[in-house]
Amino acid sequence: SLHSSFKSKSVCQLNCRYCHGVLCRRGMKAILLADTRVELYSTDAAPIGVQLVANDYVTRNCLCQIRDVACLGCGNVVGYHVTQPCEVCMSACNNGHFWMFHNDSVRAKERMDSTG
Numbered sequence: 001s002l003h004s005s006f007k008s009k010s011v012c013q014l015n016c017r018y019c020h021g022v023l024c025r026r027g028m029k030a031i032l033l034a035d036t037r038v039e040l041y042s043t044d045a046a047p048i049g050v051q052l053v054a055n056d057y058v059t060r061n062c063l064c065q066i067r068d069v070a071c072l073g074c075g076n077v078v079g080y081h082v083t084q085p086c087e088v089c090m091s092a093c094n095n096g097h098f099w100m101f102h103n104d105s106v107r108a109k110e111r112m113d114s115t116g
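Numbering-wise, the sequence shown is residues 1 to 116 according to this note's numbering.
Certain hints may be false.
Pair by pair, the computed Cβ-Cβ distance ranges are [stated by the list, open to error]:
# : residue 1 : residue 2 : range
1 : V38       : S10       : 29 to 39 Å
2 : T83       : N103      : 13 to 23 Å
3 : R37       : Y57       : 16 to 26 Å
4 : V38       : Q65       : 15 to 25 Å
5 : C19       : A92       : 14 to 24 Å
6 : V22       : E87       : 28 to 38 Å
7 : E87       : I31       : 27 to 37 Å
8 : V53       : H20       : 31 to 41 Å
9 : L63       : E110      : 32 to 42 Å
30 Å max Cα-Cα, derived DSS-like pairs, lysine-lysine [claimed, not checked]:
#  : residue 1 : residue 2
10 : K9        : K109
11 : K109      : K29
12 : K29       : K9
For the record, the hints were derived by calculation from the structure and aren't laboratory data. Where is the CB? At the ideal position from N, CA and C, for every residue including glycine.
Construct the complete structure from the given sequences, taking the supplied hints into account.
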């Protein structure tokens, strides 16, 4: 279920920390549902600057199937895509974003604040 507080978050352009290429123009600061100690960036739209790599896998935190994504410019893994969300995560409060970017792999530049 989508929580109304997500509508007030600022939107960021995300660039690759390694080659500075644009990865996503609609990123948002987020917290991992399966481990709320983990901060990252996420988006609901397929990013322009990444490619899915390798095979799907699951983590020890939940049963979501995920696949790593790499920067099209330099090939470094910068995040992952939830290819098949699990029931637990889908029933939890979420923002509908299935593309995730690791904090240490991106640089964020705010595009718009909560007032527009």
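*Measuring from beta carbon to beta carbon, are V53 and H20 in 31 to 41 Å?*
20 Å, violated
*Measure nothing beyond the straight line between the CA atoms of K109 and K29; if it is 30 Å or shorter, mark the hint as holding.*
The hint holds at about 11 Å.
_Given a hint of 16 to 26 Å, does the C-beta separation of R37 and Y57 actually sit inside it?_
Since R37 and Y57 have Cβ atoms about 21 Å apart, the given range 16 to 26 Å holds.
*Hint consistency between K29 and K9 [alpha-carbon to alpha-carbon, up to 30 Å]*: Roughly 8 Å separates the two Cα atoms, so the pair holds.
*At the C-beta level, are C19 and A92 separated by a distance inside 14 to 24 Å?*
Because 34 Å falls outside the window, the suggested range is violated.
_Does the beta carbon distance between T83 and N103 stay inside 13 to 23 Å, or does it fall outside?_
Since the Cβ atoms of T83 and N103 sit about 22 Å apart, the hinted range of 13 to 23 Å holds.
*So does V38 sit 29 to 39 Å from S10, Cβ to Cβ?*
The hinted range 29 to 39 Å is violated for V38 and S10, with Cβ atoms some 20 Å apart.
_Within 27 to 37 Å: is that where the Cβ-Cβ distance between E87 and I31 falls?_
20 Å, violated
*Please work out if K9 and K109 have their alpha carbons no farther apart than 30 Å.*
With Cα atoms ~13 Å apart, K9 and K109 stay inside 30 Å; holds.
_Between the beta carbons of V22 and E87, is the distance compatible with 28 to 38 Å?_
Holds: the Cβ-Cβ distance is about 34 Å, inside 28 to 38 Å.
*In this structure, is the beta-carbon distance linking V38 and Q65 contained in 15 to 25 Å?*
About 18 Å separates the Cβ atoms of V38 and Q65, which means 15 to 25 Å holds.
*Taking the beta carbons of L63 and E110, is their distance inside 32 to 42 Å?*
34 Å, holds
This entry does not satisfy hints 1, 5, 7, 8, going by the numbered hints stated previously.
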